[in-house]
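Could you build all of it, start to finish, from the sequences and the hints given here?
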Amino acid sequence: MDRLYNTSTNHYTSIRLDDADEAILQPRSWEQASSGSSAGRIRANHGSTPPTTPPSLHAFAGVITKVPRLLPIASPLKVFKKEFDFTTFHNVINGDLKTTETTRHAINPHTKKPLGEVPLSTAKDVDDAIAAARAAFPKWKKTSFEERAKGLNGLAATIYEYQQGFVKLNGYELGAPVSIAEILVHMGTGWLSETAKLHPKDEVVEDTPEREVIVRYLPLGVAVGIVPWNLPLYCTAAKIAAAIIAGNCIIIKPSPYPPYSGLKLVEMALLESSNWLHRHRKEGHGVGLQAPKRVTLELGGNNAAIITKNIDVATIAPALAGVIFSHSSQVCLAIKRLYVHESIFEEFRDALVAAVSRRSSLARALARARTTQLPKEDSRIVVEEPFGPILPILSWSDEDDVIARANNSRMGLGGSVWSIVTSNFPFGGHKDSGIGYENVLGGVKAYCNVQTLYLKK
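Quick note on numbering: the working numbering labels position 413 of the sequence shown as 413, and the sequence is numbered without any gaps.
There may be inaccurate statements among the hints.
Below, simulated DSSO-like cross-link-like pairs (lysine-lysine); rule was C-alpha separation at most 30 Å, straight line [to be verified]:
| no. | residue 1 | residue 2 |
| --- | --- | --- |
| 1 | LYS168 | LYS139 |
| 2 | LYS201 | LYS142 |
| 3 | LYS124 | LYS139 |
| 4 | LYS150 | LYS98 |
| 5 | LYS445 | LYS141 |
| 6 | LYS98 | LYS112 |
| 7 | LYS141 | LYS98 |
| 8 | LYS98 | LYS124 |
| 9 | LYS150 | LYS197 |
| 10 | LYS150 | LYS168 |
| 11 | LYS139 | LYS201 |
| 12 | LYS113 | LYS98 |
| 13 | LYS141 | LYS201 |
| 14 | LYS142 | LYS197 |
| 15 | LYS141 | LYS197 |
| 16 | LYS376 | LYS309 |
| 17 | LYS445 | LYS197 |
| 18 | LYS139 | LYS150 |
| 19 | LYS98 | LYS139 |
| 20 | LYS201 | LYS445 |
| 21 | LYS150 | LYS201 |
| 22 | LYS113 | LYS168 |
| 23 | LYS98 | LYS168 |
| 24 | LYS445 | LYS150 |
| 25 | LYS139 | LYS445 |
| 26 | LYS142 | LYS124 |
| 27 | LYS197 | LYS139 |
Simulated from the structure, these hints should not be mistaken for lab results.
Structure representation (structure tokens):
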């Protein structure tokens with residue numbers, strides 16, 4: 001377990017813990033869990049012989065063609081209305097729970113204990129999922145926006161109803177504390193509900209006495225969502241939401257490292273919509289995977305933050321300590337490089353270190369930290385995204401220069417200047433950070449074909 005950050009322009013701190021040190025930071029129970037998460041190791045179970053190949057993109061395919069009816073979102077329920085098993089895991093294909101001959105299990109990265117067995121899908125399972133989704137699409141694409149929105153709100157409400165189970169499941173598979181797991185579950189339900197408001201309406205781009213030109217946004221067909229390991233439930237919900245509201249069917253492929261909450265989220269769609277799903281039976285022919293016609297990729301980001309000289313150090317430093325190191329910095333949009341104006345550099349650095357030290361999960365580790373010379377700005381620790389709790393802090397004096405330094409990266413996912421801004425921005429990457437956008441209406445339109453109607457009057 002490593003915790004790294006730098007303490008001046010020329011230094012950074014590296015914290016390396018052996019097994020004994022790691023045990024010191026472990027709580028007595030998951031409910032008292034410390035911060036920190038990492039991808040769990042995976043093991044296989046196929047008789048007594050584990051497979052020699054790693055999980056492929058064929059693993060854990062499930063299909064969602066419709067989501068539950070609307071349930072009111074209210075206060076957390078003390079008693080679940082229906083039984084829902086959070087201990088067994090299946091593929092969901094064509095409205096049926098499917099098992100596979102071969103299974104795998106992930107490891108809780110916090111306790112190092114094995115978790116439940118999950119299906120390891122074959123190419124045939126994937127073909128079946130694609131065939132089911134294709135069979136469902138002709139009818140689903142004709143549904144109204146209101147019905148799709150009702151379905152997304154229903155799924156959000158159902159997850160909220162069973163949130164206690166999802167919080168524990170999310171915590172087990174990520175090794176995350178309850179506080180983080182709760183946030184991730186609420187982010188997932190919030191994303192579903194907010195996306196349900198995004199209507200890609202027809203746009204009249206020309207209306208004259210002679211003609212009317214209309215741009216329409218039509219469903220693409222069958223989408224595939226490949227979910228990363230760091231935010232499994234949240235990212236699964238995000239991919240489902242945009243595809244469904246645009247009128248598509250979607251196949252979800254969870255990460256093999258924490259597959260559990262994603263599989264259960266897909267299964268939860270059966271609670272209120274099983275009859276609808278079962279009416280779409282599989283076609284009798286196989287469908288092979290082909291190169292996708294369109295992709296949206298959200299990849300890594302070596303995100304820079306610029307701190308100006310007129311900020312309130314006492315306010316911003318603790319705020320940054322929370323957002324930078326939360327979830328062990330394993331968040332794509334987390335700040336990975338910090339540029340602080342030279343006039344407040346030492347004050348801000350010391351305030352940030354103090355704020356991080358006050359975080360209970362890091363305080364004991366920081367007391368044993370060792371300081372090492374930080375390489376130059378073109379060094380690997382600054383240039384590459386660590387995707388972990390590592391923070392180079394660099395100084396700046398000239399505005400044009402610091403903007404150029406912040407943008408001098410192969411990646412282009414995020415960046416910030418600490419000030420008051422609106423939160424309703426598209427989310428996507430430039431350069432090596434990805435293709436296309438998620439969030440807001442532009443993310444929904446990524447799941448649409450654009451059609452222009454030229455109508456003579």
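Status of each hint after checking the structure:
1. LYS168 to LYS139: Violated, at roughly 36 Å.
2. LYS201 to LYS142: holds, 15 Å
3. LYS124 to LYS139: holds, 24 Å
4. LYS150 to LYS98: holds, 27 Å
5. LYS445 to LYS141: Distance ~14 Å between LYS445 and LYS141 Cα, so the pair holds.
6. LYS98 to LYS112: The hint holds at about 28 Å.
7. LYS141 to LYS98: OK: LYS141 and LYS98 at ~25 Å, within 30 Å.
8. LYS98 to LYS124: holds, 12 Å
9. LYS150 to LYS197: Distance ~10 Å between LYS150 and LYS197 Cα, so the pair holds.
10. LYS150 to LYS168: holds, 27 Å
11. LYS139 to LYS201: Status holds; Cα separation ~20 Å.
12. LYS113 to LYS98: holds, 25 Å
13. LYS141 to LYS201: holds, 15 Å
14. LYS142 to LYS197: holds, 18 Å
15. LYS141 to LYS197: holds, 18 Å
16. LYS376 to LYS309: OK: LYS376 and LYS309 at ~23 Å, within 30 Å.
17. LYS445 to LYS197: Since the Cα atoms of LYS445 and LYS197 sit roughly 13 Å apart, the hinted pair holds (cutoff 30 Å).
18. LYS139 to LYS150: Holds, at about 17 Å.
19. LYS98 to LYS139: holds, 24 Å
20. LYS201 to LYS445: Holds, at about 10 Å.
21. LYS150 to LYS201: holds, 17 Å
22. LYS113 to LYS168: holds, 15 Å
23. LYS98 to LYS168: holds, 24 Å
24. LYS445 to LYS150: holds, 19 Å
25. LYS139 to LYS445: holds, 20 Å
26. LYS142 to LYS124: holds, 28 Å
27. LYS197 to LYS139: holds, 22 Å
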